[in-house]
Structure formats: structure tokens, C-alpha cells
Amino acid sequence: MMIDRKINQQISSPEELANVAAEQLAWQAQYQHRVFVCMGTACQSVQSGAVLTALQAEIKSKARENECLVSPGGCQGNCASAPLVSVPEQDLLYQKVQLSDAEEIIEALAGKPVGRLLCDNKSDFFTMQNRVVTNHRGLLNPESIEDYIAAGGFSALLKALTDFTPEAVVQELQKSGLRGRGGAGYPTGLKWSTVAKTRAEQRYVICNADEGDPGAFMNRSVLEDYPFRVLEGMAIAAYAVGASKGYVYVRAEYPLAVERVTKAIRNAEKHGLLGNKIGSMSFDFQVEIRLGAGAFVCGEETALISSIEGGKGLPCPRPPYPAESGLWGMPTLINNVETFANVVPIISGGAEKYATIGTPTSKGTKTFALSGSIMNTGLVEVPLGTSLRKMIFDIGGGVPDGHKFKAVQTGGPAGGCIPEEHLDATIDYETLMELGSFMGSGGMIVMDDSSCMVDVAKFFMQFCAAESCGKCVPCRVGTAHMHDMLDRITKGEGTMEELGQLESLCDVVKFTSLCGLGQGAPNPVLSTLRFFKGEYLAHIVGHTCPAGVCAPVGQDIRRPTCAL
Amino acid sequence: MRVVTLKINGQEMSGRDDEDILHVAREHDIEIPTLCQLDGISEWGGCRLCLVEIEGSAKLSAACVTKVSEGMVVNTESERLAGYRKTIVEMLFTEGNHVCSVCVSNNNCELQDMSSDLKIDHISLPYRYPLRTVDASHDLFIFDANRCILCTRCVRVCDEAEGAHTWDIAGRGIQSQLVSDLHQPWGESTSCTSCGKCVEACPTGAIFEKGKAAGEMVKDAKFLVYLAEMKAEKS
Amino acid sequence: MSVRTRAARKNVAVKAPSDDKRWSIVAAVMRKHGSAQSALIETLHSVQSTFGYLDDTALAFVAHSLRIPLSKVYGVATFYSHFRLKPQGKHNCVICMGTACYIKGSARLLQRIDQKYGLKVGDTTRDNQFSLLEARCLGACGIAPAGIFDGRVLGNLASPLVESQLDNWLAESQQNEPKLP
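Residue numbers (the numbering used here), protein chains in the order written: chain W, 48 to 611; chain L, 2 to 236; chain P, 2 to 182.
Just so you know, not all the hints are guaranteed correct.
[What the hints assert, rightly or not] For lysine-lysine, the following DSS-like pairs were computed, each having C-alpha atoms within a straight-line distance of at most 25 Å: (1) Lys-538(W) / Lys-117(P); (2) Lys-580(W) / Lys-557(W); (3) Lys-310(W) / Lys-33(P); (4) Lys-22(P) / Lys-33(P); (5) Lys-68(L) / Lys-244(W); (6) Lys-538(W) / Lys-22(P); (7) Lys-169(W) / Lys-222(W); (8) Lys-206(W) / Lys-107(W); (9) Lys-206(W) / Lys-143(W); (10) Lys-292(W) / Lys-117(P); (11) Lys-557(W) / Lys-235(L); (12) Lys-223(L) / Lys-557(W); (13) Lys-317(W) / Lys-117(P); (14) Lys-60(L) / Lys-557(W); (15) Lys-213(L) / Lys-68(L); (16) Lys-324(W) / Lys-244(W); (17) Lys-143(W) / Lys-159(W); (18) Lys-222(W) / Lys-244(W); (19) Lys-109(W) / Lys-206(W); (20) Lys-33(P) / Lys-324(W); (21) Lys-169(W) / Lys-107(W); (22) Lys-121(P) / Lys-91(P); (23) Lys-68(L) / Lys-557(W); (24) Lys-109(W) / Lys-169(W); (25) Lys-68(L) / Lys-223(L).
[Stated by the list, open to error] Negatives, chain L to chain W, calculated, CB over 10 Å: (26) Glu-32; (27) Lys-60; (28) Thr-88; (29) Gln-176; (30) Gln-185; (31) Ala-233.
I should point out that these hints are in silico values taken from the structure, not numbers from a laboratory. Note that beta-carbon positions come from the ideal geometry of N, C-alpha and C, so glycine has one too.
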């Protein structure tokens with residue numbers, strides 16, 4: 048059975064690309080039925096790989112190889128219903144598929160769907176999303192460059208190379224209003240133009256795929272499902288800023304992403320879409336992959352650069368910014384995975400069209416990883432400006448098991464917890480900042496009445512203390528002290544005086560730390576103190592934990608003293 | 002290179018645009034507290050004591066790594082800065098085990114001087130009392146980790162001035178520690194040239210000469226500037 | 002003259018610490034990166050994936066080959082939490098401690114493992130059968146709490162599931178123990 052078609056030719060012009068796409072589409076069309084099995088992390092953890100094999104075996108045993116094609120696909124988003132199988136021509140999504148379901152699913156291809164496995168893909172979870180970055184909806188074999196080309200891939204790159212000057216690409220980005228998707232929301236076009244304007248013999252483009260925020264897995268999904276699109280976005284960026292060398296810095300914790308990107312680089316090079324003389328033009332762009340080794344601070348751009356240079360991930364004071372002096376002292380453009388993935392629709396669809404999505408200051412869509420105490424855990428993409436309430440209660444389906452919503456945590460360890468009364472706030476860079484939180488890379492963790500907010504603050508502080516690089520004093524020592532204070536509070540040993548001290552330490556660490564890790568570390572404490580001070584007081588004064596985390600509800604949280 | 006004019010603490014002055022705020026201020030007798038900074042080796046920017054306010058910037062800037070620019074208005078003293086500096090020095094005291102009365106550097110210690118300059122009269126943060134060791138395996142010197150403030154002056158001087166790079170920081174965060182070679186006893190280090198530069202560069206009594214008793218260790222790292230100038234002339 | 006300077010001057014490869022054929026894998030990674038100092042992290046990755054951990058011999062070999070000071074190599078190896086300086090158990094169990102997993106009780110899983118097996122994060126069982134590790138975030142938040150058992154991600158973990166896996170590994174070691182006549 049031929050489950051994959053491989054082309055073996057160099058692609059050097061938009062016409063050739065269009066031909067390859069047409070051939071691939073024709074090849075796909077000979078199959079009457081196509082089925083995709085999600086190969087995302089969640090689905091794989093419940094044996095979607097075996098489901099794929101079972102479906103393929105079923106087709107073989109029924110000798111239907113010439114009419115049915117079962118391919119591995121990308122993340123469908125609703126990880127809570129894993130493993131997922133899609134049948135696009137019937138517009139069906141099967142959930143919680145077992146190996147024993149293979150026969151029925153294949154049989155149903157021409158007829159009536161398998162009702163008991165149907166996932167309602169007309170529910171709010173699906174219809175309220177706006178997929179721009181994940182527009183292929185996982186219906187693409189992530190490892191097939193042919194599939195990607197058939198879906199329009201690399202046309203943006205060749206369009207940029209043939210129809211745009213580098214300056215025009217930068218202008219298009221500026222017009223689109225795209226802002227960095229890594230957290231701080233710096234205007235992407237401005238960053239590109241700064242790098243492009245530097246005078247240097249060599250410039251670099253780096254893709255920051257060191258997605259370290261706990262509770263965030265959007266970049267992982269984008270890299271695993273659309274590796275070619277991220278590379279295409281990087282190549283367009285390289286053309287725009289005049290770089291000939293690029294790096295993808297990926298966490299070692301993401302082995303599948305590493306594998307897919309490595310293969311994608313090799314594949315794109317083979318077809319002349321990366322490497323030397325891309326599209327037969329005088330544009331060279333070599334990409335290499337670099338592995339992180341478990342240091343959250345490497346998400347900070349100067350630390351990431353020193354890690355690529357082979358050293359410890361220690362941040363350096365800015366200025367100079369990497370845009371002027373970055374990797375090996377050369378001007379360096381660093382953007383996040385999702386930012387690069389957004390470049391492709393901007394170039395292919397035009398900046399005006401892109402800028403119609405979102406709010407006046409926050410354009411486009413953003414992917415979020417919904418998790419915690421929520422019905423529909425998974426990956427979603429919504430226009431910026433969507434309200435938190437819509438996100439959590441409509442798309443997310445609300446809080447399960449009869450629990451009551453308490454807070455949603457955004458922005459990772461530098462973010463904050465947003466309570467019920469602010470749920471009508473919209474998701475955009477400014478509003479989240481006003482609420483003492485942060486866009487971050489897109490983790491959204493929902494907490495219910497069984498989560499203790501002091502415990503949550505302690506969790507984040509423990510994270511920051513363990514991930515502090517140790518270079519600057521306030522972050523190195525301050526986070527350790529703050530963690531100890533929070534620990535004492537959760538054990539009923541805190542005092543009101545100490546709470547005041549904790550607040551003043553927050554101020555010192557926030558304003559004196561060298562990099563974003565230390566500057567953001569106090570945020571979870573500050574935001575929980577702002578919205579949930581009552582819980583702190585319950586621990587300190589009442590020696591109880593209202594959520595029943597530090598001790599069962601109603602019990603004293605202090606450790607029993609020795610009877611002797 | 003260009004000459005720029007700027008204002009520090011209300012005083013008009015000029016400096017070269019490749020100079021940092023710290024040095025321009027010092028040339029004009031304005032002292033900004035520092036611990037990790039040492040003339041003659043590269044800047045580190047880790048102690049955060051030299052943070053200053055720059056008009057028009059919401060963030061504080063470390064004077065040792067911030068270049069001066071035309072029209073810059075800098076303020077090096079304020080109640081807020083003084084408070085931050087005090088807390089940072091307090092943090093250093095709680096991080097290690099500093100007992101001045103029995104320290105070889107008593108009365109000759111930059112950390113001690115800093116606390117008196119900042120008028121610190123007590124430590125309000127809880128002491129952490131870490132379990133740290135003393136390495137007396139070297140023939141000439143002793144490293145007492147209890148007194149180390151991780152300023153990395155020894156690391157930089159050993160790497161940049163001596164070229165041996167015997168010292169480095171292992172681990173990270175609050176677990177950071179100074180190590181020689183592959184974390185072996187200093188005396189067994191194959192890279193150490195016993196030049197003693199780290200001893201002179203160390204701001205506290207963490208690295209000192211064998212045989213010195215409490216209060217007897219006096220350090221002087223001025224030779225570094227001379228070395229750096231000689232090197233620059235040769236290259 | 003130290004090994005380092007000799008190698009630097011002649012620009013020849015430093016001799017591998019032993020006849021073990023696996024060193025050639027490490028040497029190949031260094032060659033691929035032109036034996037540049039920037040290859041340090043990639044090289045340490047290759048040592049760890051080949052030998053399981055980084056010992057002093059390996060660190061010294063890498064330091065000399067790439068002409069990087071020993072303390073700098075040690076600093077990098079201890080800075081990144083992925084690198085291990087001690088041998089690991091035959092199997093390994095990684096529990097994710099990301100936010101979503103924490104909210105859903107991953108800390109309680111670790112507590113339970115400690116109670117039942119006396120293992121804390123970073124520990125290896127005395128029979129060397131398995132090591133217990135924690136991860137910052139596996140990016141598998143949709144199926145929290147998650148863990149990795151010998152490279153395989155499992156989600157929605159509960160104590161019985163974890164324990165049955167760990168018990169299997171322990172039982173495996175008892176089977177292999179030489180039986181007394």
C-alpha cells in the first residue's frame with residue numbers, strides 16, 4: 048500500500064511549486080476516502096499510533112488500499128477526547144477511538160457514521176475558534192512536504208522572493224500589526240526593521256521554541272504539526288532582514304518536535320526550499336536545530352543566545368538588544384514559533400486581511416493551551432479580543448464535576464490569576480497587563496474552588512526559585528526567601544508582619560532583577576494578594592485553608608507539635 | 002566615539018559615549034555602590050547595587066553596564082534606591098554565613114563596608130544558614146564558601162587576566178556555588194597557576210592567603226588596571 | 002604541558018578515554034560542529050544519550066577536545082537540569098510538575114511514591130531498577146497529570162496506575178536475581 052507519495056525534485060519557481068501542488072492534489076484525489084489520525088502528544092499517550100496502524104491494517108485486509116488513505120495528522124485541539132480520528136469528506140470527528148473500532152470506522156466510510164464515537168464538531172469548542180495559525184486543522188501529514196505544498200505551503204516564501212523586496216516584506220509585517228507571540232508583544236515588524244537596518248556582514252534569525260511556561264504547549268503543537276510552516280516563516284524573515292543563517296532552539300523535553308523539525312529541514316533543503324539559492328534566486332538560508340537542556344531562563348532572548356553559543360543560559364543586560372548585537376555579536380532576529388507561523392498567512396493573504404482580525408492594538412489570533420479544571424482541555428485558537436468568559440465557559444465548556452470557577456492563570460510564572468469578576472475582560476496584551484497578568488506564550492490554566500491560591504503562588508515561586516540562573520542577587524536570593532515565606536504561610540506559621548515583608552520583597556525583586564524571570568517572579572504573588580487576600584489571611588490568622596489543600600477543610604493547617 | 006553631555010544628580014558633566022554611567026559618575030566624584038564590579042575585568046551586572054534611575058525610563062538601570070548618552074538625566078540616590086540596596090545587601094548576608102568578628106577580612110571587607118555605607122543596622126530577613134565547606138587543599142590559599150557572595154570577580158579575573166579559568170559557578174539559583182575545575186579540591190586543580198589574582202579580586206574573606214588570622218587579610222586589586230592597560234597596548 | 006594545549010597546538014583529536022566504541026559517536030558530534038566551543042551543549046547531549054550520564058572522565062574528554070576550561074564545562078553541565086552527573090536506573094519515571102499537572106495533583110503522586118518506595122525526585126532505587134525524575138512541563142497539559150515512563154507519555158495519571166508500572170519494574174529485577182541453589 049502506498050501511504051505516502053514522495054517527490055524528488057528541486058522547486059525553483061512559483062510555477063514549479065504550483066505544479067507540484069497540483070500533482071499532489073491529483074494523487075490525493077484518487078482516494079475516495081481520506082482518514083486522519085491525530086498524532087499529538089495527548090492522542091499518542093492513549094495509543095493513537097496503534098489506532099493508525101489498526102486502521103491501515105483494516106484497509107489492507109479489506110483490499111481497499113486503492114480507495115482509502117489513512118494518514119497521520121496533527122492536533123485536533125480537544126485533547127480531552129483523545130484519541131481522535133477525522134474523516135474530512137464526511138466532516139466527521141471520532142473521539143476516544145479504540146483499536147477494536149477500526150473495522151466499524153472503515154466500513155462507515157461510505158455510509159452511515161459510527162454514532163457512538165461521534166464528537167460534536169459543531170459545538171462551541173469548534174465553531175467559536177478562528178484558525179489562522181492552525182488553519183489546516185490537523186488535516187495534514189506533518190511529515191509530508193508534498194501535503195504541505197498541496198495545501199499551499201511555500202507559496203508565501205516564493206511570493207515574497209519573487210514579488211517583494213526585503214523592505215516590502217518588512218512593511219507588510221508592520222502593516223499587519225503582528226506582535227510577538229512569545230509574551231511581551233513587541234511589534235514584530237518594528238523588530239524586523241531594526242535588524243534589517245543594522246550594518247553587518249552576517250545576521251541571524253532564531254526561532255525561540257524553548258516553550259518553558261508550565262501549562263503551555265501551543266508551540267509544541269505548532270512545531271509538531273506544522274514544522275514546514277514555521278521554517279517557511281523563518282525563511283521569509285531571513286529574506287526580509289538579510290540573514291543567511293538560522294537556528295531553531297527547541298527544548299529537549301519535546302523529542303517529537305525535534306524529530307519533526309529536523310526532518311522538515313532536511314526535506315525542505317532537498318527540494319531547494321531551504322539552503323543555498325532558494326527558489327533559484329541569490330538567497331541562501333541555512334537552518335540548524337539546537338537543543339535546550341532544561342533551563343527555563345533560556346526563553347529569555349539573551350540567555351537563549353548564550354546557550355546557542357554553547358554556554359550557560361545567563362541573561363545579559365539589555366541594551367544592546369540582540370537586534371543590534373546578538374548571536375556571536377551579530378544582529379539577530381529572535382521570534383517565537385507562533386510569530387513565525389503567523390508570517391505565512393500575512394504574506395499570502397495580505398496584511399490588510401490579517402489586520403481585520405483582533406482588536407485595534409492586538410491584531411490576529413492567538414493559540415492557547417486550555418488546561419486545569421475545565422471540560423474541554425486542549426489547544427484552541429481565537430481572535431485576540433475574545434473575552435475570558437467566552438474562552439472558558441463557551442469554548443472550554445466550563446468547570447467540570449460541579450466545582451465552582453475560581454481563577455484563570457495566564458502568562459506562566461510571570462503571569463497572574465484572574466478572578467471571576469474580571470472574566471468579561473478581553474484577551475489582549477494591554478487588558479491582561481492591567482489585570483496584573485500577562486499574555487505570555489498562551490498557557491491558560493483554570494482553577495476551581497479546590498485550588499488554594501496561596502499554594503498556587505507557592506508553586507510558581509518554587510518554579511522561579513528553581514529556575515533562577517543565579518546571576519543577579521535579588522532573583523537568586525529573593526525568590527528563595529519568598530518561597531520560604533509562602534511555605535510558612537501554607538503551614539500556618541506565617542505572620543502579618545511577614546506578609547508585609549513578602550510584599551516589600553516582591554517590590555524589590557520586581558524592580559531590581561536583571562531579566563524578565565526575576566522581574567516577573569513576584570507577579571503570581573502580587574496578583575493573588577490583589578484578588579485573593581482573604582485566603583492569605585485565612586492561613587495566617589485563621590490557620591485554615593479554605594480550599595482544603597494545605598489541610599482538609601476546617602482542620603488546622605499547623606503541623607501537630609510533638610506531645611512530649 | 003563621541004562626547005556627550007549628561008546630568009547626574011543635577012550636576013552637568015560630559016563623557017564619552019562608550020563609557021558607562023558608573024565611570025563617568027566616578028570621574029566626577031559621585032560614588033555609586035558596587036560589589037561585582039572591578040576595574041580591569043569585564044562588567045557583570047549581577048549585584049544590582051549600582052542601579053540608578055534614568056529620567057524617561059520606567060526601569061532602573063545598572064550603572065556599570067549602561068552607556069551614557071546625550072541629554073541623559075541620571076539620579077543615583079533616592080529613598081527608593083537606598084531601600085533596594087539595603088535589601089539586596091541584607092539578602093547577601095542571609096545567603097551565606099558571614100561572621101565578621103572571626104573573618105580574616107574583618108575591617109577590610111567590601112561587603113562589610115557596604116553595610117556600613119548603607120547604614121544597615123540589622124538583618125530583617127531570615128538567615129538561611131546554608132551548609133557550606135572550607136577548601137584548604139591549596140598550598141597557599143584557602144577558599145571559604147561560607148563567605149562567598151558569588152560576585153564572580155575571581156572567575157573573571159582568573160579567565161581574563163590570568164587565562165587559566167580555574168574557577169566557575171556550578172549549579173544555578175540559590176544552589177549556585179563556586180567550583181574549581183571539575184569540582185575537585187582547589188589543591189588538585191590542574192589549571193590553577195597559584196598566581197593569587199583571585200585572592201586580591203575577592204571582595205570578602207572567601208578567598209584568602211593561608212596563615213592569615215582574623216582581620217589580617219588586606220586585599221588590593223589595583224594591579225589589574227595596570228595589567229589591562231599593558232595588555233591593551235600590546236594588542 | 003597539559004593535554005589541552007598539546008591538542009590545541011597540533012590541532013589533533015584528543016584520544017578517547019577508553020576503547021569503548023561509543024566514544025566515536027561523541028567524537029562524530031564534535032567533528033560535525035567543527036570542534037567549536039559552541040558545540041559544548043550538543044556534545045554533552047550526545048554523551049548523555051550514549052552513556053546515560055556525564056562522569057568526570059567524559060567531562061574532561063569533552064573539555065580537552067573542545068578546548069574549553071574544565072570548570073566551564075562543569076558549570077554548563079550543572080547549570081542545565083537535563084544533564085545528569087550520576088548513573089541512572091535501568092528504567093525511568095518522570096512526573097510532570099507543570100501548572101496544570103500540579104493543579105490536578107501531581108505533587109500528591111510524588112508524595113505517594115515517596116511513601117511507598119522511599120524515593121524522592123532525583124533518586125534511584127537501590128537495585129538500580131528505576132529513577133524518579135520530575136519535569137518542568139511536558140507540554141501535555143491537556144491530559145494532566147502526565148508522566149513519562151521509559152520515554153512513553155501517559156496521561157490522566159492516578160496513583161494505582163503509577164504504582165503498577167513501578168511494581169512491574171521492581172518485579173522484573175527480582176526475577177533476574179540469581180536464585181540460590
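Going through the hints against the structure:
no., hint, in the structure
1, Lys-538(W) / Lys-117(P), "holds, 24 Å"
2, Lys-580(W) / Lys-557(W), "holds, 20 Å"
3, Lys-310(W) / Lys-33(P), "holds, 17 Å"
4, Lys-22(P) / Lys-33(P), "holds, 18 Å"
5, Lys-68(L) / Lys-244(W), "holds, 21 Å"
6, Lys-538(W) / Lys-22(P), "violated, 54 Å"
7, Lys-169(W) / Lys-222(W), "violated, 34 Å"
8, Lys-206(W) / Lys-107(W), "violated, 41 Å"
9, Lys-206(W) / Lys-143(W), "violated, 41 Å"
10, Lys-292(W) / Lys-117(P), "violated, 52 Å"
11, Lys-557(W) / Lys-235(L), "violated, 44 Å"
12, Lys-223(L) / Lys-557(W), "violated, 35 Å"
13, Lys-317(W) / Lys-117(P), "violated, 53 Å"
14, Lys-60(L) / Lys-557(W), "holds, 10 Å"
15, Lys-213(L) / Lys-68(L), "violated, 40 Å"
16, Lys-324(W) / Lys-244(W), "holds, 23 Å"
17, Lys-143(W) / Lys-159(W), "holds, 19 Å"
18, Lys-222(W) / Lys-244(W), "holds, 18 Å"
19, Lys-109(W) / Lys-206(W), "violated, 44 Å"
20, Lys-33(P) / Lys-324(W), "holds, 23 Å"
21, Lys-169(W) / Lys-107(W), "violated, 32 Å"
22, Lys-121(P) / Lys-91(P), "holds, 17 Å"
23, Lys-68(L) / Lys-557(W), "holds, 23 Å"
24, Lys-109(W) / Lys-169(W), "violated, 32 Å"
25, Lys-68(L) / Lys-223(L), "holds, 23 Å"
26, Glu-32, "holds, 19 Å"
27, Lys-60, "violated, 8 Å"
28, Thr-88, "violated, 5 Å"
29, Gln-176, "violated, 8 Å"
30, Gln-185, "holds, 20 Å"
31, Ala-233, "holds, 19 Å"
When held up to the earlier numbered hints, the structure conflicts with 6, 7, 8, 9, 10, 11, 12, 13, 15, 19, 21, 24, 27, 28, 29 and fits the remainder.
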